[in-house]
Amino acid sequence: MTVETSEKLALRPKGTVVLEARGITKRYGQVTALDRADLELRAGEVLAVVGDNGAGKSTLIKVLCGAVVPDEGQVLLDGQPVHFRSPLDARKLGIETVYQDLAVAPALDIATNLFLGRELRRQGPLGTWLRLLDKGRMRREAQHEMDQLKFHLPAIDSAVEKLSGGQRQGVAVARAAIFARRLVIMDEPTAALGVRESGQVLNLIRTIRDRGLAVILISHDMPHVFEVADRIQIMRLGRRAALTSPQKHTMSEVVAIMTGAARGDDAVEANGSA
Amino acid sequence: MSVSSTPASKRAVGGFGRLILTPTFGPLIVLIVFCAVFSLATKTFFAAGNLSLVVQQSVIVGTLAIGQTMIILTAGIDLANGGIAVLGTIVAGRLVAEQQNPVFSLLLALIICTSIGLASGLLVSRLMLPPFIVTLGLLGIVTAITRLTAQGGAFPVTDDLLSWPGNAFNVGDTSITYGMLVMFGLYGLVWYLLTQTAWGRHVYAIGNNREAARLVGIPVQARLLSVYTFAGLLYGIGAWLALGRIPNADPNALQNANLDSITAVVIGGTSLFGGRGSLWGTLIGTLIVSVLRNGLTLTGIDPLWQDLITGILVISAVALDQISRRKQR
Numbered sequence: 001m002t003v004e005t006s007e008k009l010a011l012r013p014k015g016t017v018v019l020e021a022r023g024i025t026k027r028y029g030q031v032t033a034l035d036r037a038d039l040e041l042r043a044g045e046v047l048a049v050v051g052d053n054g055a056g057k058s059t060l061i062k063v064l065c066g067a068v069v070p071d072e073g074q075v076l077l078d079g080q081p082v083h084f085r086s087p088l089d090a091r092k093l094g095i096e097t098v099y100q101d102l103a104v105a106p107a108l109d110i111a112t113n114l115f116l117g118r119e120l121r122r123q124g125p126l127g128t129w130l131r132l133l134d135k136g137r138m139r140r141e142a143q144h145e146m147d148q149l150k151f152h153l154p155a156i157d158s159a160v161e162k163l164s165g166g167q168r169q170g171v172a173v174a175r176a177a178i179f180a181r182r183l184v185i186m187d188e189p190t191a192a193l194g195v196r197e198s199g200q201v202l203n204l205i206r207t208i209r210d211r212g213l214a215v216i217l218i219s220h221d222m223p224h225v226f227e228v229a230d231r232i233q234i235m236r237l238g239r240r241a242a243l244t245s246p247q248k249h250t251m252s253e254v255v256a257i258m259t260g261a262a263r264g265d266d267a268v269e270a271n272g273s274a
Numbered sequence: 275m276s277v278s279s280t281p282a283s284k285r286a287v288g289g290f291g292r293l294i295l296t297p298t299f300g301p302l303i304v305l306i307v308f309c310a311v312f313s314l315a316t317k318t319f320f321a322a323g324n325l326s327l328v329v330q331q332s333v334i335v336g337t338l339a340i341g342q343t344m345i346i347l348t349a350g351i352d353l354a355n356g357g358i359a360v361l362g363t364i365v366a367g368r369l370v371a372e373q374q375n376p377v378f379s380l381l382l383a384l385i386i387c388t389s390i391g392l393a394s395g396l397l398v399s400r401l402m403l404p405p406f407i408v409t410l411g412l413l414g415i416v417t418a419i420t421r422l423t424a425q426g427g428a429f430p431v432t433d434d435l436l437s438w439p440g441n442a443f444n445v446g447d448t449s450i451t452y453g454m455l456v457m458f459g460l461y462g463l464v465w466y467l468l469t470q471t472a473w474g475r476h477v478y479a480i481g482n483n484r485e486a487a488r489l490v491g492i493p494v495q496a497r498l499l500s501v502y503t504f505a506g507l508l509y510g511i512g513a514w515l516a517l518g519r520i521p522n523a524d525p526n527a528l529q530n531a532n533l534d535s536i537t538a539v540v541i542g543g544t545s546l547f548g549g550r551g552s553l554w555g556t557l558i559g560t561l562i563v564s565v566l567r568n569g570l571t572l573t574g575i576d577p578l579w580q581d582l583i584t585g586i587l588v589i590s591a592v593a594l595d596q597i598s599r600r601k602q603r
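Residue numbers (the working numbering), protein chains in the order written: chain G, 1 to 274; chain E, 275 to 603.
I should point out that these hints are in silico values taken from the structure, not numbers from a laboratory. Ideal placement from N, C-alpha and C gives every residue a C-beta, glycine not left out. Check each hint, because a few of them may be wrong.
[To be verified] Residues from chain G shown here face chain E by an in silico Cβ test under 10 angstroms; the list is partial:
id: 1; residue: Tyr99
id: 2; residue: Leu132
id: 3; residue: Lys248
Can you make the complete structure from the sequences, with help from the hints?
Listed below in structure tokens is the structure:
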């Protein structure tokens, strides 16, 4: 039941493919949200997924985090085919998701939020029979993880509602980072935040990547994408229109491909990523 | 509170600051002030026999308020708890009056109360109906069933088992009833569940931000169902305590118990918006109302003042909660 945070990382060497989606198709009645979409994610990289509204990026992400079951196509995790029926399935396999709307419980403290839904119990009969929580250990581990992530917060037992928006999102990102064993999916993590607060969260994303986790970042915010992404996947009309990197294309070129003004080239190789 | 803090883990505030910041602190001060005032105003208030009476008078509402606290913490509310408890008393009272086995009669009453809790839990968690409407409807249904079961009469209870909570023993001059012990025991048990187990944290989290609770993988429906069902069981126990206090199963009893239990929860500092508050606050809130009623009676002040002061306390408590919530934005 409990997650051992100390031995959680099932990390692959940097650059190996962690997650692959092939030919994912999803239709809602007459609407084809995804039309044979592909995605490839490597350990230790931030892959940004961008696209206009309706380009299929949200549906693709929902497939990858288990919220939507695709009609066709295959998802491979470490080369093994997987079938997610719910977000819980994906989570069990080490995939964590961060949502834009600050999914925290404001009146509860930071440590409690970090371990929410995955509380640690005392060893021995106190934990097994009396279900007694190990609050001290959760606080210590929470503090340890926040130190590791170099994310500065007030005391670990402060209520989350006393934090700024950026710090709150930091708590949500840290929760994902602590429990993710393979990859973290971030769905517009900075959409609700101001400039400085976004900066804190982007730093955190870099730290997580540098620890060897793979990160998928969905964002509308091009400057943020260009700040942290190693590779950029551009979605258009339900499929991958191009795979590029901040080094290869400028922001306006990426936007042009997104909107269809410029031709995307699916064959773009991105081995030259940072 | 656990004291095991390593040098690495900073704590937000020290011991005394922590005490003042706990939502229970304000209600505790109010309780102490009331006790002090009544002790000065009348010699009869601060006597062992009278203090025992104050607690005895708060046993039924105090027990119903435990279930009410759990439900309000999930951002719900229960308008039916008094009605459920009265049905429990009528079921047990009538069966025993008809020469049924008392153990069976009491168990059946407990099972019926628990089942009604389960029913409201199913409606709230599965059908996502607003708890206010569900329990308002259930109050009507339960009250009707109670009257149909009672067939216009009341049932005097002479059975030893049913009236056991009213039995007392003496510690020094103080008379202590078993009902008081049951109530305090239940407070201890539910305090443990709410603050020392993952279940309790989930209850708070659901009241705080239901969507976030779902996203982090808390089984929200199952938790809500367990809260309402457990509350139903507590109302059944409340019915037993009521029979101990007044050994007469009367369909017209406990008419205001639902609102009284909400009053106790609110005066105790628990937020009606859910996710914040403490069970000890509810115990203190229950005692405040009881002390007020008892003290005003002893000082010879018109009991109407009791309702007036209680009303002011309720509004002040909700205002304080609202202000503190707004400050966090």
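Verification of the hints:
{"no.": "1", "hint": "Tyr99", "in the structure": "holds (6 angstroms)"}
{"no.": "2", "hint": "Leu132", "in the structure": "holds (6 angstroms)"}
{"no.": "3", "hint": "Lys248", "in the structure": "violated (35 angstroms)"}
Going down the numbered hints, you'll see the structure goes against just number 3.
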